[in-house]
Amino acid sequence: MAELLNVEHVRRTFPRGGGEELLVLDDVNLTLREGEIVGLLGRSGSGKSTLLRLIAGLSQPQGGNLSYMGTPIQGPVQGVAMVFQSFALFPWLTVLENVQLGLEALNLPPREMRERALAAIDLIGLDGYESAYPRELSGGMRQRVGFARAVVVHPNILLMDEPFSALDVLTAENLRTDLVELWGNGKLPIKGIILVTHNIEEAVLMCDRVLLFSSNPGRVASEIRIDLPQPRDRTSPAFEDYVDRIYVEMTARRVERMRQIQTQGTTSIAMPLVHVSPNQISGLVEALAAPPYNGKADLPDIAYEQELEVDELFPVAEAMQLLRLADVEGGDIKLTHMGKRFADGELNERKEIFSRSLMSNVPLPAHIRKVLDERASHNAPKTRFLDELEDHMAEDAAEEALKTVVSWARFAELFSYDDDAAMFSLENPT
Amino acid sequence: MSMSGGWFFVTVSEAISVGNTDIALPGIGSWIAVAIAQKNLPAIFEAILAMLVVILIYDQLLFRPLVAWADRFRIDNEQSEDQPESWALNVYRRSRLLDLMTKPFEQMMRWSYHWQPPSFGLRAATREVDSRVADILWYVLLGLLGLYAAFRIYGFAHDNLAWSDLGTAVGLGFLTLLRVMVLIAIASLIWTPVGVYVGLRPRLTQIVQPVAQFLAAFPNNLLFPLVVSLIVLWDLNPDIWLSPLIVLGTQWYILFNVIAGASTMPKELRDAAENFGVHGWLWWRKVALPAVFPYYVTGAITASGGAWNASVLAEVASWGKTTLHAHGLGAYISDATATGDFRRVVLGIAVMSFFVVVVNRILWRPLYWYAERKYRLT
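Chains A and B supply the protein sequences, listed in that same order.
Okay, so the first sequence: first residue is 1 according to the numbering used here, each after it adds one.
Okay, so the second sequence: first residue is 1 according to the numbering used here, each after it adds one.
Worth double-checking, as some hints may not be accurate.
No farther apart than 20 Å at their CA atoms in a straight line, the calculated lysine to aspartate or glutamate pairs in the EDC-like style are these [unchecked claim]:
#1 A:Lys403 with B:Asp99
#2 A:Lys382 with A:Glu413
#3 B:Lys374 with A:Glu97
#4 A:Lys187 with A:Asp127
#5 B:Lys374 with A:Asp122
#6 B:Lys374 with A:Glu305
#7 A:Lys403 with A:Asp332
#8 B:Lys103 with A:Asp420
#9 A:Lys340 with A:Asp311
#10 A:Lys296 with A:Asp332
If you're looking for bench data, these hints aren't it; they were derived computationally from the structure.
All chains should be built: construct the whole structure from the sequences, respecting the hints.
Next up, the structure:
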């Protein structure tokens with residue numbers, strides 16, 4: 001089948017302070033053929049949205065090639081339309097005017113513009129809302145306007161950047177099935193779709209192929225073809241198999257890396273720490289310890305039961321792995337001995353376990369504590385550690401690591417932090 | 001606005017002459033007045049430099065810390081994207097000396113929590129009816145006060161002033177109104193596109209925004225002598241060339257409000273416009289101008305208010321022995337003050353107040369509400 005889009009060896013970096021560069025996308029390859037829905041699945045920070053902006057011609061890569069139907073992409077391409085996560089509707093334009101905006105840019109005669117806009121509004125199910133302003137609509141209806149606005153220009157490629165993630169569960173499902181149905185009936189004037197998501201089930205439900213992205217830097221780690229007829233049934237065993245398989249692939253890589261760091265016995269404080277609150281950790285430990293899991297669970301199962309998305313579950317599971325409260329293996333998560341004791345303990349015992357685990361397993365808080373112990377005044381400014389971290393990692397990663405450590409250390413009562421003065425200290429407020 | 005307005009009139013009122021009474025307080029305003037009388041350009045530059053330094057110190061030690069500190073009172077649980085920062089505030093916060101010095105006040109505050117205001121057996125209006133009655137009483141009181149003031153003004157003025165004087169003042173008021181409107185329009189035409197351009201470029205915004213705010217805080221009347229000396233030198237028409245002085249200081253409000261507006265425009269919205277090929281005039285008309293409109297209106301209201309203030313000083317300006325007059329209500333008030341003609345001062349001020357209120361009610365307020373309702377990005 002004809003290739004709509006070709007992405008070869010694309011690399012994208014962002015400039016950072018001090019003349020350094022942050023690598024966001026590295027050697028990414030992707031083709032979109034006619035009649036396909038391709039999903040880009042990965043955690044936040046894996047550069048999926050960046051890739052989408054490159055495809056739309058909204059920014060330029062530092063290396064590699066992108067071509068749309070054989071011609072290189074050098075700027076915004078007519079024939080590639082985008083649907084945004086936050087809808088990106090113009091609040092001062094009515095539904096009709098929002099939908100027409102793309103047609104105005106094409107300089108069409110007013111009659112034709114109106115007819116096409118009304119047809120798109122009709123197709124997407126917005127009849128009767130033509131004169132409403134976006135603020136008068138619910139989230140679901142707003143995103144329908146986003147779809148209508150993209151569809152009305154009859155693009156060959158539709159790009160969707162997490163289009164359902166700002167919607168509640170029911171609305172999102174309603175919109176997904178509507179879209180899949182329109183696509184299946186061949187009613188959409190579109191030849192191919194690229195869908196960015198971090199929701200595994202959404203990817204399996206809608207896509208023909210799913211590309212799994214790894215993060216920091218973003219790379220295509222593997223590709224999974226979903227050979228299921230539409231409409232797909234979420235409860236069918238085949239569907240669940242695909243979901244499981246993707247979970248295993250996504251956890252395996254990350255856990256592998258973390259285990260490497262741990263077995264190397266690294267003492268580097270520059271370990272990226274994703275912000276997860278002690279409450280989230282406690283919550284997941286408790287859920288794991290309780291029946292029906294009794295200490296061991298399938299990741300997709302517990303994610304579903306706890307209503308956690310991949311983006312929420314993985315960081316917590318990783319933090320538990322880091323603190324040696326749990327072991328993540330394949331698609332499973334299992335409480336360690338210490339994890340079980342944590343689950344059984346009272347608050348003070350939990351704090352103590354947490355504190356000991358921090359000191360022996362996470363280099364950064366142990367380092368901060370040591371510095372505070374050694375100083376006569378028992379305090380130190382945040383910048384002291386921030387500068388130290390920034391020698392090894394990006395500024396925002398350093399900020400996030402410190403933020404995480406502050407939240408963990410507060411729970412563990414390891415040291416305290418005064419945000420007003422940006423000072424770490426040993427003294428607890430009296 | 002208020003700070004620069006404050007500086008503006010503080011410097012002016014330091015050296016004031018009403019009729020034959022000359023008052024000069026020691027200060028930068030008197031310095032300028034003397035420099036103008038002596039045609040001393042270097043002295044004027046010195047004054048400008050001194051003022052710049054004062055404002056800079058003032059900004060760094062007082063206002064920046066205040067803004068950064070006030071950030072903690074935002075009703076919002078999330079940390080804001082870019083928190084205002086102030087090195088001075090960090091110093092204050094970490095200082096043990098300050099801690100020690102403020103301890104007694106902290107204790108005093110604690111006592112004050114338990115103070116009860118003396119009760120007169122009154123209670124706050126809780127029912128609709130009560131507040132309606134209070135409203136009516138309040139408006140009646142205001143009406144009576146207004147009538148009384150009008151009566152006093154009439155009694156004060158009608159001995160020496162004919163109705164034709166009112167006609168003159170109103171006529172001059174229209175001239176000044178024209179001047180204010182035309183100059184705000186010109187300033188808008190220049191600064192709106194510039195503001196949008198700057199606001200969409202974060203790095204440029206970081207440089208330009210503080211400069212624009214700084215310029216707006218600067219009492220621009222210190223710059224008047226420079227312009228006036230040129231008008232005198234080249235013998236230009238004061239009716240036209242004194243006019244720009246009116247917006248010299250206040251134009252920056254338009255600029256920095258538009259910059260603020262453009263920089264708050266969500267990235268996705270800009271991406272959407274670009275993705276759908278919205279360019280050129282279509283982009284300005286449907287995307288950029290609506291997005292900054294509420295901010296522009298806020299800026300323009302402040303600018304026009306400031307412009308009326310400035311007209312009193314800008315329409316009459318001197319350089320050495322030469323005094324330039326433009327026709328307008330500001331010059332009318334200035335001249336009346338200089339000759340000690342109190343009746344005309346009162347008349348001029350009353351007419352100007354009337355103009356300002358009417359323009360606010362029939363132009364700016366409706367525009368403001370319209371902008372808030374239709375164009376505010378939420």
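Status of each hint after checking the structure:
1. Restraint check: the Cα-Cα separation between lysine 403 of chain A and aspartate 99 of chain B comes to about 26 Å, which exceeds 20 Å; the hinted pair is violated.
2. With a C-alpha separation of about 18 Å, the suggested pairing of lysine 382 of chain A with glutamate 413 of chain A holds against the 20 Å cut-off.
3. Distance restraint check for lysine 374 of chain B and glutamate 97 of chain A: the Cα-Cα separation of roughly 14 Å lies within the 20 Å cut-off, and the hinted pair is therefore satisfied.
4. Distance check on the hinted pair: lysine 187 of chain A and aspartate 127 of chain A sit about 17 Å apart at the alpha-carbon level, within 20 Å; holds.
5. Between the alpha carbons of lysine 374 of chain B and aspartate 122 of chain A the distance comes to roughly 26 Å, so the proposed pair goes past 20 Å and is violated.
6. At roughly 43 Å between alpha-carbon atoms, lysine 374 of chain B and glutamate 305 of chain A are farther apart than 20 Å, so this suggested pair is violated.
7. Annotation: proposed proximity of lysine 403 of chain A to aspartate 332 of chain A is violated, straight-line Cα distance about 28 Å (limit 20 Å).
8. Restraint check for lysine 103 of chain B and aspartate 420 of chain A: the C-alpha separation of about 18 Å stays at or below 20 Å, so the hint holds.
9. Of the supplied pair hints, the one linking lysine 340 of chain A and aspartate 311 of chain A is violated, its CA atoms being roughly 25 Å apart against a limit of 20 Å.
10. For a cut-off of 20 Å, the pair hint linking lysine 296 of chain A to aspartate 332 of chain A stands: about 7 Å separates their Cα positions.
Consistency note: the structure conflicts with the earlier hints numbered 1, 5, 6, 7 and 9.
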